[in-house]
Amino acid sequence: MGRPQKDKNAKIHCKFGRLKIPVARFATSKARSAVVLFKMGEAPQIAILGAGTFMRTQYIPRLAEISKLLLLKSIWSRTEESARGAVEIAQKHFPGVECKWGDKGLQEIIEDSSILGVAVVLAGQAQVDFSLRLLKAGKHVLQATSELETALSSYRSIFANIPDKPIWAVAENYRFEPAFIEGKKLVNDIGDVMSIQVIVEGSMNSSNPYFSSSWRRNFTGGFILDMGVHFVAGLRMLAGCEIVSVSAITSHVDKTLPAPDNIVWRFVGLKGTLQIERGNQDGRHGYLVLFYGSDGQRKSSFYQFSGVDEEFKAFINDISQANLRKGTGYEAEPRMSFLEGARDVAVLEAMLESGGKQGASVHVKKYH
1 MGRPQKDKNA
11 KIHCKFGRLK
21 IPVARFATSK
31 ARSAVVLFKM
41 GEAPQIAILG
51 AGTFMRTQYI
61 PRLAEISKLL
71 LLKSIWSRTE
81 ESARGAVEIA
91 QKHFPGVECK
101 WGDKGLQEII
111 EDSSILGVAV
121 VLAGQAQVDF
131 SLRLLKAGKH
141 VLQATSELET
151 ALSSYRSIFA
161 NIPDKPIWAV
171 AENYRFEPAF
181 IEGKKLVNDI
191 GDVMSIQVIV
201 EGSMNSSNPY
211 FSSSWRRNFT
221 GGFILDMGVH
231 FVAGLRMLAG
241 CEIVSVSAIT
251 SHVDKTLPAP
261 DNIVWRFVGL
271 KGTLQIERGN
281 QDGRHGYLVL
291 FYGSDGQRKS
301 SFYQFSGVDE
311 EFKAFINDIS
321 QANLRKGTGY
331 EAEPRMSFLE
341 GARDVAVLEA
351 MLESGGKQGA
361 SVHVKKYH
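Note that the UniProt record's numbering has the sequence shown beginning at 1, numbered continuously upward.
Because the hints were derived from the structure by calculation, they are not lab data.
One thing to keep in mind: the hints can contain errors.
[Stated by the list, open to error] List time: in silico DSS-like cross-link candidates among lysine-lysine, alpha-carbon distance up to 27 Å:
| no. | residue 1 | residue 2 |
| --- | --- | --- |
| 1 | Lys-365 | Lys-165 |
| 2 | Lys-73 | Lys-326 |
| 3 | Lys-299 | Lys-185 |
| 4 | Lys-136 | Lys-165 |
| 5 | Lys-104 | Lys-136 |
| 6 | Lys-73 | Lys-165 |
| 7 | Lys-326 | Lys-165 |
| 8 | Lys-104 | Lys-165 |
| 9 | Lys-92 | Lys-73 |
Given the sequences, and given the hints that come with them, work out the whole structure.
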């Protein structure tokens, strides 16, 4: 088991054992709570690329909750049928939303100067190409984490000498979940950390709506990378330092899933107990934050899932401010930065590489 150096700026050297996929024991960065409020006529207009399960069940309902902050102008999908299905759901909250599909529809969104930002909710393999195309057109982009190393260098190359770069934000990361924000505060109360353990267990069978997702089955790292990256984001946020190296043992137990499907991680610090557990309270899904003091004190608080809501608020705030403050080099919310997303993925990629090498230690790629 790797042990961290004890100096103030120490970086954690981690060794990981087996990940099952979620409960955690971990810590965060400062929350930005300010959201610019607009009159309805001034609300920024956005579009969504993608019309799959997550977009329909999460994005549309979450956007509906903050509909006073934005105008959903367009929804795009590769096929007309898929696009119309998503638009039909969205129209209950955004009556004027337009239906776009195919190359023509995509180009219309790219050329629409009234659209300030675009949420890209597509298959992992396709996200980066679409995002870069939108960014080149001056659109701000919000997308889930995916293939990052080449994408990051491309983004930097394209906008190397441009002070007002379009914002490229990473969505669906746990840095915005209230439970993890509270956990970060509590980490300061448990003293020097002795042990942080993350055990992620998620049901992935035919009852799960993502089980039959074809792109996840053809995605390097499969469900482990697609799901695990969220927990790495929470882990890095809570721990407050970078993971330098990992060692992982992976296995392939369920043959109905792409390999690997099973990993367990652990990394060691110095002392203290904070636990964050996924759970359900009064029909609400979220996280239970448990704090155990050395004096026997026990505190518990439940926080409903709301990270997607908070991410959207931050993104809307950022693109609005960037638009109002052109020429000032506006700095967007750091928790959503593409750089942080790259660092999250780097940890998972190192684990998968280590698993392929029978647990050999692998250094995590550094991104600056």
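Any of the earlier hints contradicted here, and which numbers?
Violated: none.
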